[in-house]
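Please construct the entire structure, taking both the sequences and the accompanying hints into account.
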Amino acid sequence: MKEEIISLIAQTLEISKERINENTNLISDLKLESLDIVDLVAAFEKKYKIEILDKDIKELQTVKDIIKYIEEKHV
Amino acid sequence: MYKLYIAKNISSHDLLNKVLLELNIKDEIIYNAYKKPYLKNNKIYFNISHCDNYTVLVIAKKEVGIDIERITMRKNVLDRVCTKNERKLIKTAEDFTKMWVKKESYVKYLGVGCVYGLKNVDTLKHNFIIKKFKNYYIAIYGV
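In order, the protein sequences belong to chains A and B. Under this note's numbering, the residue at position 46 of the first sequence is numbered 46, and the numbers go up by one with no gaps. Under this note's numbering, the residue at position 26 of the second sequence is numbered 26, and the numbers go up by one with no gaps.
It is worth saying that the hints were derived from the structure and are not from the lab. Glycine is no exception: its CB is placed at the ideal position from the N, C-alpha and C atoms. Any given hint might turn out to be false.
Unchecked claim - Below, computed lysine to aspartate or glutamate pairings styled on EDC-like, alpha-carbon distance capped at 20 Å:
1. Lys75(B) / Glu45(A)
2. Lys84(B) / Glu59(A)
3. Lys31(A) / Glu59(A)
4. Lys3(B) / Asp27(B)
5. Lys35(B) / Asp54(A)
Claimed, not checked - Distance ranges between label pairs, derived from CB positions:
6. Lys62(B) / Glu51(A): 34 to 40 Å
7. Lys17(A) / Lys91(B): 30 to 36 Å
8. Lys47(A) / Lys61(B): 45 to 51 Å
9. Lys18(B) / Gln61(A): 42 to 48 Å
Encoded structure:
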């Protein structure tokens, strides 16, 4: 799951996988802006067939947070 | 009434300080629960946005929101952020970017952060100021 999510992030943002690990912070490390974050959220929802609530988005700060969130939601 | 500042290679913080100095305003910045900044002792409102190397700042006498975005198309996000009627009107990257900055400026006007889903902002029901600057669009809401 971890590698898959990292690949999806890299592919969606068109950046190298080498720049991403579990501790990568979307805003402070990858300098993502709100449009990038919504783009990522849409990609996760499509790939894992889950719904990510708007109120939950701000909690998804690191790749680790995303993995945990998706693992909990994705059955 | 509003005043828009567009600057390159300057942080939000530095641009705000520069503009406040220009307007001869000495004040403290305070934040609401969602981190929207305000001046503590002046009834002057402002909002800031940045994209790439550009920072935009709007100053107004009432609550205001601003957003800037480079002209882009993100088809993946359309269903997540658009109402059905908005979706029908988005054909080009320009359409998409204008819609996006309008939604963001509205949410920033409200000062509630991303908790307020962008799909809840129907851009067809509100009036925005839209400006094209180089290959960017800027939206201002509230003035």
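Hints and how they fare:
no. : hint                            : verdict
1   : Lys75(B) / Glu45(A)             : holds (14 Å)
2   : Lys84(B) / Glu59(A)             : violated (28 Å)
3   : Lys31(A) / Glu59(A)             : holds (16 Å)
4   : Lys3(B) / Asp27(B)              : holds (18 Å)
5   : Lys35(B) / Asp54(A)             : holds (17 Å)
6   : Lys62(B) / Glu51(A): 34 to 40 Å : holds (36 Å)
7   : Lys17(A) / Lys91(B): 30 to 36 Å : holds (34 Å)
8   : Lys47(A) / Lys61(B): 45 to 51 Å : holds (46 Å)
9   : Lys18(B) / Gln61(A): 42 to 48 Å : violated (30 Å)
Hint check: violations occur at hints 2 and 9; the rest are consistent with the structure.
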